[in-house]
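As a plain string of letters, each chain reads:
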Amino acid sequence: MRMNKRLIRLSAIFLACIMIVLGTGVLTTYAKTPYKTYTEDGYGYIRETQTAYLAYETIVKFGDRFFKNPSDICVTDDGEIYVADTGNARIVVGNLQSEEIKTVGEGTLVTPKGVFVTENKHIYVADRDAEAVFEFAPDGTLLNTYGKPSSPLYGDDLSFLPIKIVVNDAGIMYVVCESNTNGIVEISPSDGGTFLGYFGTNFASSSLKTIIYRAILTDEQRAKMVSNIPSTPDNMAIDDKGLIYTITRGDEEHTLKRLNIAGKNLIDKTDWSDIPAAVAAGNHDNVYVADQQGYIYEYNKEGELIFVFGGLDDGTQRVGLSTMVTGVAVDGSDRIYMLDSDKCQIQVYEPTEFTNLLHQALYLYSKGRYTESKEPLTQVLAMNSMFDYANKAMGRAYFQEENYEMALKYARLAKDYEGYSDAYWEVRNLWLKRNLVPFLLIVVGLYVLVKVMKLLDKKKGILAKPKAFFAKLGQKKVFANLSYAKYYMKHPIDGSYGIAREGRASWAAPTILLVIFIAEFVINKYLCGFLQKTIREGRYEIVSDIGIVVIVMAALTACNYLVCTINEGEGTVKKIYTYFCYSLMPYICLTPVIFVLSHVLTNNEQFLITLVQIVIVVWVAVLGILGIKEVNNYTPGETFKIICLTVFTILIMALLIFIVYVLWAQVFEFLSALVGEVVYRIGY
Amino acid sequence: MSKEKKPKNKIAKRENNKHGYMFVAPYAIVFAVFILIPVVLAVVLSFTNFNAIEWPSWVGFLNYITLLTSDEVFMQHVLPNTVVYAVAVGVGGYVLSFILAWALCNLTRIPRTIFALILYSPSMTTGVAMTVLWKVIFSGDQTGLLNSWLMNLGIINEPIIWLVSEKYLLPIVIVIGLWSSMGIGFLSMIAGILNSDESLYEAAAIDGVKNRFQEMIYITIPQMKPQMLFAAVMAIVGAFQNGLISTLLTGNPSPGYAAQLIVNHIEDYGFIRYEMGYAAAVSVVLLLIVQIFSKAANSLLTEKE
Numbered sequence: 001m002r003m004n005k006r007l008i009r010l011s012a013i014f015l016a017c018i019m020i021v022l023g024t025g026v027l028t029t030y031a032k033t034p035y036k037t038y039t040e041d042g043y044g045y046i047r048e049t050q051t052a053y054l055a056y057e058t059i060v061k062f063g064d065r066f067f068k069n070p071s072d073i074c075v076t077d078d079g080e081i082y083v084a085d086t087g088n089a090r091i092v093v094g095n096l097q098s099e100e101i102k103t104v105g106e107g108t109l110v111t112p113k114g115v116f117v118t119e120n121k122h123i124y125v126a127d128r129d130a131e132a133v134f135e136f137a138p139d140g141t142l143l144n145t146y147g148k149p150s151s152p153l154y155g156d157d158l159s160f161l162p163i164k165i166v167v168n169d170a171g172i173m174y175v176v177c178e179s180n181t182n183g184i185v186e187i188s189p190s191d192g193g194t195f196l197g198y199f200g201t202n203f204a205s206s207s208l209k210t211i212i213y214r215a216i217l218t219d220e221q222r223a224k225m226v227s228n229i230p231s232t233p234d235n236m237a238i239d240d241k242g243l244i245y246t247i248t249r250g251d252e253e254h255t256l257k258r259l260n261i262a263g264k265n266l267i268d269k270t271d272w273s274d275i276p277a278a279v280a281a282g283n284h285d286n287v288y289v290a291d292q293q294g295y296i297y298e299y300n301k302e303g304e305l306i307f308v309f310g311g312l313d314d315g316t317q318r319v320g321l322s323t324m325v326t327g328v329a330v331d332g333s334d335r336i337y338m339l340d341s342d343k344c345q346i347q348v349y350e351p352t353e354f355t356n357l358l359h360q361a362l363y364l365y366s367k368g369r370y371t372e373s374k375e376p377l378t379q380v381l382a383m384n385s386m387f388d389y390a391n392k393a394m395g396r397a398y399f400q401e402e403n404y405e406m407a408l409k410y411a412r413l414a415k416d417y418e419g420y421s422d423a424y425w426e427v428r429n430l431w432l433k434r435n436l437v438p439f440l441l442i443v444v445g446l447y448v449l450v451k452v453m454k455l456l457d458k459k460k461g462i463l464a465k466p467k468a469f470f471a472k473l474g475q476k477k478v479f480a481n482l483s484y485a486k487y488y489m490k491h492p493i494d495g496s497y498g499i500a501r502e503g504r505a506s507w508a509a510p511t512i513l514l515v516i517f518i519a520e521f522v523i524n525k526y527l528c529g530f531l532q533k534t535i536r537e538g539r540y541e542i543v544s545d546i547g548i549v550v551i552v553m554a555a556l557t558a559c560n561y562l563v564c565t566i567n568e569g570e571g572t573v574k575k576i577y578t579y580f581c582y583s584l585m586p587y588i589c590l591t592p593v594i595f596v597l598s599h600v601l602t603n604n605e606q607f608l609i610t611l612v613q614i615v616i617v618v619w620v621a622v623l624g625i626l627g628i629k630e631v632n633n634y635t636p637g638e639t640f641k642i643i644c645l646t647v648f649t650i651l652i653m654a655l656l657i658f659i660v661y662v663l664w665a666q667v668f669e670f671l672s673a674l675v676g677e678v679v680y681r682i683g684y
Numbered sequence: 001m002s003k004e005k006k007p008k009n010k011i012a013k014r015e016n017n018k019h020g021y022m023f024v025a026p027y028a029i030v031f032a033v034f035i036l037i038p039v040v041l042a043v044v045l046s047f048t049n050f051n052a053i054e055w056p057s058w059v060g061f062l063n064y065i066t067l068l069t070s071d072e073v074f075m076q077h078v079l080p081n082t083v084v085y086a087v088a089v090g091v092g093g094y095v096l097s098f099i100l101a102w103a104l105c106n107l108t109r110i111p112r113t114i115f116a117l118i119l120y121s122p123s124m125t126t127g128v129a130m131t132v133l134w135k136v137i138f139s140g141d142q143t144g145l146l147n148s149w150l151m152n153l154g155i156i157n158e159p160i161i162w163l164v165s166e167k168y169l170l171p172i173v174i175v176i177g178l179w180s181s182m183g184i185g186f187l188s189m190i191a192g193i194l195n196s197d198e199s200l201y202e203a204a205a206i207d208g209v210k211n212r213f214q215e216m217i218y219i220t221i222p223q224m225k226p227q228m229l230f231a232a233v234m235a236i237v238g239a240f241q242n243g244l245i246s247t248l249l250t251g252n253p254s255p256g257y258a259a260q261l262i263v264n265h266i267e268d269y270g271f272i273r274y275e276m277g278y279a280a281a282v283s284v285v286l287l288l289i290v291q292i293f294s295k296a297a298n299s300l301l302t303e304k305e
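Protein chains in written order, with my numbering: chain A, 1 to 684; chain B, 1 to 305.
Here chain B stands alone, though its shape is the one from the complex (with noise of 0.2 Å):
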C-alpha cells in the first residue's frame, strides 16, 4: 500500500515531507486505531491473565506453555483439523477458483457476468445459505436431503445423524468451505485473466502453441502472477479465519471438537470461559500460523532472481 521511497528530489526535501504525512494521516490513523493497536494490545494482553472485569495479571509465557503442552483440545482436534480444512479449503479453493475463472472467461460478456455473480454469491450469503440450504440437505432424519437419496440408493439403511457424527463433521464443514471460497480471490483472478495481453496469445499462436491447456500454462498464469499471489494469499488468510461454518452447522464447541478451527478455540475461550489472556495467545498464533503460510506463498509465486 505505502510504499515510502526516499524521495530524493529537492522539493520534498526542502518541505520536510510534511505534506506527504499529511496525506497519509487520515488513512494513517484509521489503519493505527483499529488494526495496528489492536494487534500491540492482543500481543501484550497474551502475556496476561485476564478475565475482562479485573485488571490484567502479567504471567509471563504461561499462556503459550500450557497452549503448547497442556491444552489437549487445541494439539489433538483444533490444530489437525485446522490444517487439514485450511489445505482442502485454501489450496482446493485457489485451484478451483483459478480454474473456474478461466472457463468463465472463455464465454462471452454477459453470461460471465450472471455465472460470476452467482459464484460470488456464496461467499456473501453463507449465514442463510446455512440454513436454507445445508441444514436441510444433512438433515439428521430421513427426511433429510442427503439421507434420503443414499437409502433411496439402498447404500445406507438407517439415517446417519450428520451434523453430530464426528467421523462425517469435518468433511461437512471443508464442502461447505469449498462452495463459499469463491470470494475476492475469484474475481481477481477473473480480472487478471480478461487483462491479460491478446497479442502475446497471437504470437504463442505463430509459434506453434496448439491447445487452450499450452495457452494457459505458458501465457495465462505468467501474466497473471501479482493476482495469482494476491488470491493466494486471500485464500490461506480466509481458510484459517473461517470458523463461521461449524458454529452455524452445529454451534460452538462442535460436537467431539470434531470441526474445531483455530478461530473456534478462541471464541471458546474468549466469549464463553472469558480466558482473555489465553484467547489473545491462541489468536497470536494463529497471526503467526497465518504469516507462515502467507510468506510460503510468496516465495513459491514470486520470482527473485
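Only chain A is shown next, with the shape it has when bound in the complex (with noise of 0.2 Å):
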C-alpha cells in the first residue's frame, strides 16, 4: 500500500513534469504549421526544408461586408486588396486590417469573376455574365465597357465570356473567356474595343497513338474518334516586364507558362500541380502557382521549384490550410494573399526571414550582382546547407566572378551538371594553360623513350630476362587463357573453334576474368567522375551490386546449357562458362578507358564516352552471339532461337525462384505461428 502511495506520488510528479515540458512546448512551437514546406533537391527529388511562409492573417469581410462566393483577387503594391466578390455582384477594396476602402460596380457588375488593378488604379473587371470586361476609373465611376469583339475574326458563332483579365502597361487587355479554345482574346482600348488577335494558345497534344491512328484510319473513322481540342487556359497574371504568365489545367507537361510578347513559352516543363487554380508574378522574378487544394508552388523564372507548402483542409479549420482556391496574389513585400472561395476567406502567408534571404540573393542574382547576392546565399546555407537550390546559385555566382574552384564545389553540392561541367571546363584549360607544354613534352618523351628501348633490346637484348620471365609465365596454363582472352576478343569465330575443339575451356581463366569485370563494374559506378555518375552521391550498394553481377552470370550460364543441351548444342557448363566470361573483355579493356576519360571530361565532350559505351556493347553482345553460335555449332536462325529461349527460360527461372520463396515464407509464417502457439499455450 505504502508502495503504492509512493508510486502514486512520484507519477504525479512526474506528470506534472511532463505537463510543464508540454506546456513550454506549446509556447515555443506557437509558430508551427499546420503544413509541412518541401523543396525540390539537386536530383529532382521533393525534401521537407524549413517553414518558407507562415499562416499570418485571415481575411473574412472588409468592414461590414462579407464575401460570397469570390472568384479573384488582386493586391496592389501599397496593399489594396481588390477582390472580385462574386456573389453579391460586386467588387470590394480593402486592406489586410479588414477595412473597407470602397466597393465598385454595384448595381453595373453581374458575375465578376475577374479583377486586375493597374499602376494607376484603373479597375478592369471581367464579368461573365455580362458578356463584357469593364473598366473603372479609380473612385468607382465606370469609364469603359468592353463586349463582344465585332472583328470576324473572333469567330461569329463564339460567344464572350470572360472570366480572367490582366492588362498591361499599354492598356492592352488579354481576357480568358469561358469554352473558347482558340487562346485568351488579345484587345486594345483603341476605338472602344479593337480585337488584336489571339495570344498564347495551347497546342493540342497529339500522341503517338493518335499520330498512328491518323495516318492509317480513313476520313470518316477519323471523324469518328473524339476531336483532340487543345485546353484553354484557366487563370494568368502578368509581371512587371510585361510577360504574362498563363496556367492551364489538363495540360500534362506544360501547366505554367510563362509567354513573352509574341506568345512564346519561356519554361521547360512543369508538371508538379495538377490542378492549377490561380498563378501570380512574383517580386523577384518569381511566380506562384496557386493548387485548387490549397498547395503553393513557387517557381524561378525558370520554371525550377523552389518552395511547396499549404494544403487542402479537411475539416479541422486549421489557419493556412484551404478548401476551394479560386485566386492568389502577392504584394510588395512578398505576402501572399490566398483567396477560397469555398470558405469566403482571404488566407494571408507571411515569408520567413529564411525565404527573404532566398528572395534577396535570387534578386541580386538577377541583376547581375553576383559577389553581393552571395552574402544571403551564406545566410541561407547556415540555415540549410543542404538546400540544394541556395548552393545551385552559390555555385553560378562564383562562376560568374570567376572562382571556379569554389563554384566546382557548390555546383558538385547541388547535383548541378550543367554549373559543373561549365566550372570544370574552366578549371581544365587554365590547367592546360598552365601546363600544355610540359605535357607534350612528357608524352613525347615517353614515346621516345618506348622506342629507344625497343631498339636496344634489337641490338643488344637489354629486356630479354623480363621477356624470359613472361615467356614462361605465358606457359603457364592461367595465363595462356588469359592472354587467349584477347586472341577471343579479336577473332571471336577462331576463338571459339578454340574453346569448342581445342581445350580452351577452363574455369580459372574465366573466374578471374569475371572478378575483374566486377572490380571494374564497381569502381567505375562508384568512383567515376561526377558528371558519369548514375547513382546519388554517398550512396553504396555494392553487396547487392556483386550479387547482380554473379546472379545475372550464373542464370546466363546455367539456362544457356539448359537450352543448348536438348537443342543439340555441343557446349558443356564449361564452355558456355568460358564463352560468356571471354565475351566481357571488351568491357574490361575499355572500361579504363571511360574511367579516365569521365574524370577529365566535361559535358561538351561527352560524346566521346557514350561512343566507347555504344562500341563496348556492341562488341559485347557480337563476342557473347557468335560465342554461342560457333561453340555449339548453331545456324544463325538456330542462334536467334537459343538466345529467345535462354531469355525466355531466365524468366521462367526468376519467376519460379520467386514462387517458391513465397511458399517458403508461408511455410516459415506458419512454423513460427505454430511454435508461438506452442509456447503461448505450455507457458500456461
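Honestly, the hints are just simulated from the structure, not real lab data.
Hints are not guaranteed to be accurate.
If you anchor each label on the Cβ, the simulated ranges turn out as follows [what the hints assert, rightly or not]:
hint, chain 1, residue 1, chain 2, residue 2, range
1, B, SER165, A, LEU196, 24 to 32 Å
2, B, VAL39, A, LEU446, 51 to 59 Å
3, A, TYR540, B, PHE271, 54 to 62 Å
4, B, VAL91, A, TYR540, 36 to 44 Å
5, B, VAL91, A, PHE469, 34 to 42 Å
6, A, LYS476, B, ASN298, 56 to 64 Å
7, B, ALA28, A, GLY445, 28 to 36 Å
8, B, ASP141, A, THR378, 48 to 56 Å
9, A, SER190, B, ASP141, 31 to 39 Å
10, A, ALA468, B, ASN298, 26 to 34 Å
11, A, LEU446, B, ALA28, 29 to 37 Å
12, A, GLU304, B, SER165, 23 to 31 Å
13, A, GLU304, B, PRO171, 28 to 36 Å
C-beta: ideal position from N, C-alpha, C; glycine also.
Join the two chains into one complex using the hints; note that each chain is given alone, in its own frame.
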C-alpha cells in the first residue's frame, strides 16, 4: 500500500513535469504551421525544408461586408486588396486590417469573375454573365465597357464569356474566356475595343497513338474519334516586364507557361500541380501557382521549383489550410494572399527570414550583382546547408566571379551538372594553359623512351630477362588462357573454335576475368567522374551490385546450358561459362578508358564516352552471340532461337524462384505461428 | 606507290641507279611541288602569325596552345561534330558501300553497271544535287517536301526550319554525307568482289557452306582485304575532309556552329579572317587526326603475324 502511495506521488510529479515541458513546448512551437514546406533537391526529388511562409492573417470581411463565393483577387503594391465578390456582384476593396476602402460596380456588374488593377488604380473587371469587360476609374465611375469583339477573326458563333483579365502597361487587355479554346483574347482599348488576335494558344497534344491513328484511319473513321481540342488557359498573371504567365489544367507537361509578347513559352515543363487554380507573379522574378487544393508552388523564372507548401483543409479549420482556392496575389512585401471561395476568406501568408534572404539573393543574382548575392546566400546556407537551390545559385555566382574552384564545389553539392561542367571546363582550361607544353614534352619523351628501349632490345637484348620471365609465365595454363581471351576478343569465330575443340575452356581464367569485371564495374560505378555518375552521391550498394552480376552470370550460363543441351548444342557448362566470361573482355579493356575520360571530360565532350560505351555494348553482344553460335555449332537462325529461349528460360527461372520463395515464406510463417502458439499454451 | 627495294643485282650497282631516278623523276617532282612542299610549308606556317599580307612572324607553339585551350568553338562544336560526322559517315558509309557493292555483284553485267553508275554519281554531283534535291526537301516553309509530308501525316503542327535549326542541322548533313559516300572506295569494293576466285566458292560449297552470308564472311571478305583497306582509308580521309555539305546548305559558319566541321573551321580562319598561321595549325591537327585513324584502320584490317 505504502509503496503504491509513493508510486502515485512519484507519477504525479512526473506528470506535472511532462505538463510543464509540454506547456512550454506549446509556447515554443507556437509558430508551427499545419503544413510542411518542401523543395526540390538536385536529383529532382521532393525534400522537406524549413517553413518558407507562415500563416499570418485570415480576412473574412472588409468593414462589415462579407464575401460570397469570391473568385478573384488582386493586390496593389501599397496593400489595397481588390476582391471580385462574385456572389454579391461587386468588387470590394479593403486592406490587411480588414477595413473597407471602397466598393465598386454595384448595380453594373452581374457576375464579376476576374479583377485586375493597373498601376494608376484603374480597375478592370471581367464579368461573365454581362458578357463584357468593364473599366472603372479609381473613384469607381465606369469608364469603358468592352463587349464581344465585332471582328470576324474572333469567330461569329463564339460567345464572349470573360472570366479572367490582365492588362499590360499599354492598356492592352488579355482576357480568358470561358469555352473559348482559341486562346487568350487580346483587346486593344482604341476605338472602344479592337480585337488584336488570340494569344498564347495551347496546342492539342498529339500522342504517338493519335499520330498512328491519323496516319492509318480513313476520314470517316477519323471523324468519329473524339476530337482533340486544346485546353484553354484557366488563369493568368502579368509581371512588371509585361510577360504573361498562364496556367492550364489537363495539360500534362506545360501546366505553367511564361509567355513573351509573341506568345512564345519561355519555361520548360513544369508538371508539379495537377489542378492549378491561380497564378501570381512575384517581385523577384519568381512566380506563385496556387493549386485548387490549397498548395502553393513557388517557381523561379526558369520554372524550377523553389517551395511547395500549404494544403487541403480536411475539416479541422486550421489556419493556413484551404478548401477551394480561386485566386492568389502577392503584395510589395512578398505576402501571399490566397482567396478561398468555399470558406469565403482570404488567407494571408508571410515569408520567413529564410525566404526573404533567398528572395534577396535571387533578386541580386538576376540583376547580375553576383558578389552581393553571395552574402544572403551564405546566410541561407547557414540555415539549411542541404538547400540545393541555394547551393546552385552560390555555384553560379562564384562562376560569374570567375572563382571556378569554388563554383565546382558548390555545383557538385547542388548536383548542378550543367554548372559543374562549365566550371570544370574553365578549371581544366587554366590547367592546360599552364601545363600543356610540359605535358606534351612528357608524352613525346615517353614515346621516344619506348622506341629507344625497343631499339636497344633489338640490338643488345636488354629486355631479354623480363621477356623470358613473361614467356615462362605465359606457358602456365591460367595465363595462357587469359591471353587467349584477348585473342577471342579479336577473332571470335576462330576463338570459339578453340574453346569448342582445342581445350581452351577452363574454370580459372574465366573466373579471374569475371572478378576483374566485377571490380571494374563497382569502381566505375562509384568512383567515376561526377558528370557520369548514375548513382546518388554517398550511396553504396556494392553487395547488391556484386550479387546482381554473379546471379545474372550464373543464370545466363545455367539457362543457356539447359537450352543448348536439348537443342543439339555441343557446349558443356565449362565451355558456355568460358565464352560468356571471355565475351566481357571489351568491357574489361575499355572501361578503364571510360573511367579516365569521365574524370577529364565535360559535357561538351560527353559524346566520346557515349561512343566508347556503344562500342563496348555492341562488341560484347557480338562476342556473346558468336560464342553461342560457334561453340554449339548452330546456324544463325538456330542461334536466334536459342537466345530467345535462353531469355525465356531465365524469366521462367526467376518466376519459379519467386514462387518457391513465397511458398517457403508461408511455410516459415506457419511454423513460427505454430511454435508461438505451442509456447503460449505450454507457458500456462 | 614507290616500293624501293634495295637493288641487289649487279646491273643496278654498276649504273648507280641513275636511270631509276630518271624514271621516277617526273612523278617525284610533281609530287614534291604540289604535295610535299605545301605540307611542309603548312607545318612551318603553323608556328607563325601570318595574315597573307605581311611577312609571317614566328610565334612558336602559341597557335597550338590557343587551339587546345582558348578556342571554345573548336572544342565545343567543331571537334565533337567532326568526330560524330566521321564515325557516322566514315564507318556507316563504309559498311553501306560494302553491302551495296556486294548486292550489286549479285546482278548481271548490264544492270550492275547501270546501278553502279547511279550509286556513284552522288559523290560527283554533290553541288548540283544540293540545290535541286536537298534544298527542296529541307526547305523551311510548309512547301518544303519533308515539312509537307510530316504535316500531312500529322506529326508536326508547324513547319520546322530545318537548315537553321541547331538540333537538326548535323543529322541532315550526316544523311547527305551518307548519300554521297559511295565514292572511289565503293568502286574498288565492286572490283574486289568481282575479282575473287570462283574456285574458292566451289570448294567452300563442297565443304558445307550453306548460304550467301557464310560465303561473304568466310570467303569474300578475306579475299578482298586490300580493297577493303583502301576503301577504309578513303572513307576516313573523305569523312574528315568533307566540309562542303554544310557550306552549301547554310553557308560558313553554320548557324550556332551546329554543323561546323574541321574543314569549315580552317576555311573560316584561313579565308574569312585571314589568320593563315592559325588555320595552318588547325590543318596540321587535322592531318594528325587523319593519320591516327588511318593507322587504326590499317592495324585493324591487316594481319601481322
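For each hint, the structure was consulted:
1. B:SER165 - A:LEU196: 24 to 32 Å: Given about 29 Å between the Cβ atoms, the range holds.
2. B:VAL39 - A:LEU446: 51 to 59 Å: At 26 Å between Cβs, range violated.
3. A:TYR540 - B:PHE271: 54 to 62 Å: holds, 56 Å
4. B:VAL91 - A:TYR540: 36 to 44 Å: holds, 38 Å
5. B:VAL91 - A:PHE469: 34 to 42 Å: holds, 40 Å
6. A:LYS476 - B:ASN298: 56 to 64 Å: For A:LYS476 and B:ASN298 the Cβ distance comes to about 33 Å; the hint is violated.
7. B:ALA28 - A:GLY445: 28 to 36 Å: holds, 35 Å
8. B:ASP141 - A:THR378: 48 to 56 Å: holds, 53 Å
9. A:SER190 - B:ASP141: 31 to 39 Å: Holds - the Cβ-Cβ distance for A:SER190 and B:ASP141, about 33 Å, lies within 31 to 39 Å.
10. A:ALA468 - B:ASN298: 26 to 34 Å: Holds: the Cβ-Cβ distance is about 31 Å, inside 26 to 34 Å.
11. A:LEU446 - B:ALA28: 29 to 37 Å: Check passed, 36 Å falls within 29 to 37 Å.
12. A:GLU304 - B:SER165: 23 to 31 Å: With Cβ atoms ~26 Å apart, the hint holds.
13. A:GLU304 - B:PRO171: 28 to 36 Å: holds, 30 Å
Checked against the numbered hints above, the structure breaks hints 2 and 6 and satisfies the rest.
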